Amino acid sequence: MKMLLYFFLTLSSLASWKKKKRPDCSKGKDHGPPVDYRDISEREAAFKKTPLVASLEANLRKITELTGSSYDLNIRRCLAGPEKVHAAVVFLDGLVNKESIDDLLRIVNLETFKTGIEGVEQKEIYDTVKRRLITTDLREAENMEDLYDGISLGDTVLIFDGTARAILCETRGWNLRAINEPEAETVIRGPREGFIESLRVNTSLIRRRIRSPNLWLESVNIGSLSKTEVVIAYIKGLAGEGLLGELRSRLERIQIDGVLESGLIEEFIRDAPYSLFPTVLRTERPDIVASSLLEGRIAIFTNGTPFVLLVPGEFAMFLQAPDDYNEVFPIGSFIRTLRIFSFLMSIFLPGLYVAILNYHPELLPTVLILTVQATREGVPFPVAAEVVIMELAFEILREAGLRLPRAIGPAISIVGALILGEAAIRAGLVSPGVVIIVALTAIASFSTPVFSLSISARMLRFLIVILGATFGFLGIQVGFLLMLVHLLSLRSFGYPFMAPYGPFIWGDMKDNIIRNLWWKMVKRPRLLGYREPQRQPAGQGPRLPGSDIKPKSNKSEGR
Amino acid sequence: MFTEKIVSRQLFYLFFMMRVTIIISVLPVLTAGQARQDAWIAALISFFPAAAIVLIIGALTLVFPGKSLIQISEELLGKLPGLLLSVIYLAIFLFMAGTDLRIYAEVLKASFLPETPISVVMSLVVFTVVLAIYGGIEVLGRSADIIFPIFLLMLLGTFSPSLTHANFQNLQPVIAHGWSPLSLAILAPASIAAQYANLTMLAPALDQPQKGLKAALWSLLAATLVLVAFALAVVLVLGPDTGARSTFPVFRMIRATRISEFLERVEILTIFAWGLGLFVALSVNLYSGSKGLSQVFGLHDNRPLVLPMAVIWVVFAIQGYQDYFEVAQVFDPAFFDVIFIPTLLFPPLVLWVAYLYKKLRERKKQEIGGRK
Amino acid sequence: MKREETCFNRRTNRITLVILLSFLTLLLCGCWDRIEPDFIGLVTMVAFDLDDERGLLKVYAQLPNPAGAGQQQSNGGGGSNQAMSATWTLEASGYTVFQAIKNMELQSTRRLLFTHVEVVLFSEKLARQGIRPVLDFFEREPQVRLIARPFVVQGDLQKLMESQFPLEQFGATALSKQLASVQEEAAATSDTDSLRVMMHRLTIPGWELDLPRLIVMPEEETKKKGEEKTAKQNPVLLTGLAVFRDDKLVGFFDARETAGCMWLKGAINRHYLVLQCPNGGERLTVEIYEMALQLVPWIDGSKVHFKASIFAEGRLQEFSCQELSLEEAFIASLNRRLATAIRNEASAALDKARELETDVFGLGNLLYRTRNKDWQCFEDKWKEIFPEVMVDLEIEATIRRHGLTLAPIKIR
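Protein chains in written order, with our numbering: chain A, 1 to 559; chain B, 1 to 372; chain C, 1 to 412.
Only chain A is shown next, with the shape it has when bound in the complex (with noise of 0.2 Å):
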């Protein structure tokens, strides 16, 4: 009778579940859910102060009351031991793995009756079968808010009559995405792995790179309803302590109903809210998060989403890439410094450009400034507007581009880039020299392997043209240094976010526009790695097969 009842009240809770949100409709009706006028924070309290109680009955009205008997909720009643003491299990449908539940029930039901078995009458039977269970994690839980909390992370509950206790077991099963190559931040030469939306094989990914029981992971929950887990991994004694307890305290602040994504937790942390540069890297890759980790810094994983956060971030950081340091180091270095070039270009070019034609007409050979003006002929525009309206078409393709459905994206990037430009040209409205420029700010801005700098790089751009266009290369000046003072007074948790250029400290050089070889990398970041400068002992340069010459001592390399 009772089971058809709470039958009854799942499908009326699930016909009506949309105007449970707002009681004030459904007052009057004679059947759903008990009218509730509470609002969610009273609610919420109510939830944290109930606690169990001994009666199963009790508990399980009460969970259904709280939970408004949500369709997922599973009860599974059964009895336990000779005795037959009322037990119910209750886990949430599509977080657990139905095996293990088996299982746990196999334990219940069959292992109770086994005979020989001492304490199953009802006092004990709590502790008998915390005993005897096999499950991997197994918790307790005094009242209802530990309890949800355990079955919302895809536990099951074991209530049984005449304890105002329950059993969490870990009963987590449901589907994961594969572990794929992160699209945003491919490598030719690295690890293909990249995160996931689950947290537990995220910080698995870096355990299995570093194997030191010093790497610790702190979990903090973040957003009263959401309740994510957020994880601060570090290694212990590497990790400034200050910095720590600056995260921790800023981590703590927050103040949020639910926590959807890292960027979220990204605004809250910042230290330049009104930036337009990111002062907090984010990275799908377990190997850039690794040597993040060994450099000092302090990563935050976020449950349900792929991207975790670096602190501090420092602007060099934006600009490398996992290539560099897999490839050989000139290469390394090669491309390291392409990159800077293009990230400056991705910036000033279109600037340079209407400064150059609008102001300074004498940089360009006489043949180019002739060509110029040729192709110019009959182009309605001025320079600058050419420029500006380009590029915003330009950003518009782009910001298209990435929402298009990946089937017709190219079709899409075809009639873009290559009709609308070609026709334009041919009509008269822009001048090849702009298209030019476009595209190729546009290839040096892609280049940038972190997208919230080339972002901002793209925001920047505008500026600088408008400037060139005002002043010249006065403009442009003015610009940069705008810029520059920006960058330099920008911290990140307290560290200078364009070290090591500014303060330039010449050690950390060795990675920063070129990227020296392993080997001579002897020393930590200096203002990350203080608490221990020395990363590897010096002079493990290859040598001559046989000479076998001990290595030098610190000091001699110790620049």
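The hints are simulated quantities; they were obtained by calculation from the structure and are not laboratory data.
Some clues are possibly wrong.
As the list claims (entries may be wrong) - Cβ pair distances, simulated, as ranges:
1) Glu267(A) to Gln208(B): 31 to 41 Å
2) Asn221(A) to Asp207(B): 36 to 46 Å
3) Glu362(B) to Gly539(A): 48 to 58 Å
4) Arg248(A) to Gln208(B): 27 to 37 Å
5) Ala385(A) to Leu153(B): 27 to 37 Å
What the hints assert, rightly or not - Some, not all, of what chain C presents toward chain A, calculated at C-beta under 7 Å:
6) Arg34
7) Glu36
8) Asp38
9) Pro66
10) Thr115
11) His116
12) Gln317
13) Pro408
Unchecked claim - Calculated pairs, DSS-like style, for lysine-lysine (alpha carbon to alpha carbon, straight line, at most 30 Å):
14) Lys79(B) to Lys211(B)
15) Lys510(A) to Lys5(B)
16) Lys510(A) to Lys214(B)
17) Lys5(B) to Lys211(B)
18) Lys5(B) to Lys109(B)
19) Lys109(B) to Lys248(C)
20) Lys62(A) to Lys49(A)
21) Lys84(A) to Lys98(A)
22) Lys159(C) to Lys248(C)
23) Lys67(B) to Lys365(B)
24) Lys98(A) to Lys48(A)
25) Lys510(A) to Lys211(B)
This structure is a prediction, so every number in the text was calculated from the model and none was measured.
Every residue gets a Cβ at the ideal spot worked out from N, C-alpha and C, and that includes glycine.
Since the structure of chain A is already known, use the hints to place chains B and C on it.
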């Protein structure tokens, strides 16, 4: 309180760029006096009087580490006389920044932006400077870190191509008319060492204030070498006469250099880097000025004063000189050596006298106390 | 500490915003010096002449036609551009250069830009009157660079400005290329290759100016030009020196005298000498590729002497003298004759310079540089005593190599 510190390396960069920027723009060893092809010798010798000026001003920072000139004069002379003495220095900062700014704006106006109002050009430059000062002395030191390599690259990029046109016959005859024509050419760059007055304001911001004087002297030496190099380059390429007749000799030298068809007429790039140096020079002056003024008023932060002072500076740079003829007169020895240098050296000398007097009296007191 | 920081940040932000906004208004009224590329008339060649009738300065400016230039580069120009010529020459007069240019602007649809001036021409008429009035234009005006190449034109200046070159599109490119190649290949013109050198030469003591001389080809050759699009013949010949005294042209050196002048300046880059075969009427050619000069002054009472030692190294470039082989004795005699040929050239240059009373070799400058004390006695009257100055020539010429063959071909 949140204290901002710079290191002596950054101080070196700041002073180096500040001095090189202005000293290269007008190249006083060549344009002032009659040194002509011996300008480089004059440049070399000018180190010694300049170093003397730096020592007189800078040694105060060794005696009173961590204190600015304003604080020192208050301590030695008392509130009001000290204040009066400080005002001289504040005026000097104002004067120097205004002149630097005016010269830069004149270069731009003479060569690139003839129609843009000079006030707009100046405001733009000062705008960046103001923002830098809002960032604090730390930001200033760091921008020096980043700008210095760019600046050095510009110096090299200007200097080395000019050597392809070098005509070493231009250096002859060496000191044909004795040393007397050199005297003015030696004094002129030495007088510009007045910039080192900033040391008295910057040294307290150093993490090791005792190292400030050393860095300043090294920067003077480095700047002197650069001056020698450019005095040589201009004479080698343009000849002593054309060089001495120029308003901005180095600028003209670059304009007359042809590296290849693709790399001619590139002097705007020099102006670009020069502007970076000027940014540093102005920032240092503005920092010193506002810091000094805030100490006079007893404010703990100099930032509220920055914007009003910057506005006053732009006005001074525009109104202080009616035309470029007046700007050029600033480097006239009649003004610089007769009026400016005594004014510059007056406050530190007074302080030295006061300091020694105080020391003497203390010793006497001790002796008297010892007898008792 | 923390509170103070945030306080400061908020205040800074607000102030920054106010400053930013006020500066953004600047942008609204900005763009004073902006010029769109299609409003620019690019001048690549300037020429100065005298307007005899009115006694004014006449200035020519040559502008390459961008449409003409583009036509060559991209084939999609369309038919209408076909009629356009590659360059356009403007002409105007005025008391000053600037006035003339402003008068020129009245005829032009575009703003004249002098940043790309590559070639500066002086007419013979103007040069004989003195080029001083136009010099200041190069120094004071920021647009013109001192990298332009100066020439003195003998002949019809206007015709040169309007003429077309067989290989080059624009006169300026043609002339600067011609100067570079002539300077590289033969010692037939001046080594003054830019206004910078010209200014320098004008300002140093004891060294008169010499400029490259352009001779405009006679009328009949270019008559065809109107009918056919392309020129058949280069309109101009670059040879010899235009020699100045102070800023005034006093005469020309022909190719031989020019070579002699270059010997005495030590500025020979490459030069050739044609000698007669010792046994007949045939000729042989020696190319000089290396030289050194040592000039030593000495003063004998009130007279100045110079001793010029010239060392030349050559290569047998052409040798088709019959019945001769390259023996040591023969080479030695060849060397002697080579030295004589060089001496003849140098003497010719010296004689011509004495005749024109102008010290183009920089002998006075040598005194000024190395014997400044003595120079001070001669400084004022150097121009007068220069013709009496004795120059002793001592020449040593060596033929070092003979090319890829030993003996010339023998036909039997």
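Subject >> 30 Å limit on alpha-carbon distance, applied to hinted pair Lys62(A) and Lys49(A) >> reply: Given pair Lys62(A), Lys49(A) holds - Cα atoms ~12 Å apart, limit 30 Å.
**OP:** Compare the distance between the alpha carbons of Lys510(A) and Lys211(B) with 30 Å, and conclude whether the hinted pair is satisfied.
**Re:** holds, 27 Å
**OP:** State, for the Cβ atoms of Asn221(A) and Asp207(B), whether the hinted interval 36 to 46 Å holds or is violated.
**Re:** For Asn221(A) and Asp207(B) the Cβ distance comes to about 42 Å; the hint holds.
Original post:
For the pair supplied as a hint, Lys159(C) and Lys248(C), is the alpha-carbon distance within the 30 Å limit?
Top reply: Roughly 23 Å between the alpha carbons, so the hint for Lys159(C) and Lys248(C) holds.
Original post:
Taken at face value, is the distance from the CA of Lys214(B) to the CA of Lys510(A) at most 30 Å?
Top reply: holds, 28 Å
Subject >> Supplied distance hint 48 to 58 Å, evaluated on CB atoms of Glu362(B) and Gly539(A) >> reply: Cβ of Glu362(B) to Cβ of Gly539(A): about 57 Å, so the range 48 to 58 Å holds.
Original post:
Holds or violated: Lys98(A) with Lys48(A), Cα cutoff 30 Å?
Top reply: holds, 29 Å
Subject >> Evaluation of the interface hint that places Pro66(C) against chain A, nearest CB under 7 Å >> reply: Status holds, d = 4 Å.
**OP:** Sort out whether Lys98(A) lies within 30 Å of Lys84(A), counting only the CA atoms.
**Re:** Status holds; Cα separation ~24 Å.
Original post:
Taking 31 to 41 Å as the hint, is the beta-carbon distance of Glu267(A) and Gln208(B) inside that range?
Top reply: holds, 39 Å
**OP:** With chain A as the partner, please determine if Asp38(C) meets the hint condition of a C-beta pair closer than 7 Å.
**Re:** With Cβ-Cβ at 5 Å, under 7 Å, it holds.
Subject >> Straight-line alpha-carbon gap Lys109(B) to Lys248(C), limit 30 Å >> reply: violated, 35 Å
Against the hints set out earlier in the document, violations occur for numbers 12, 13, 18 and 19.
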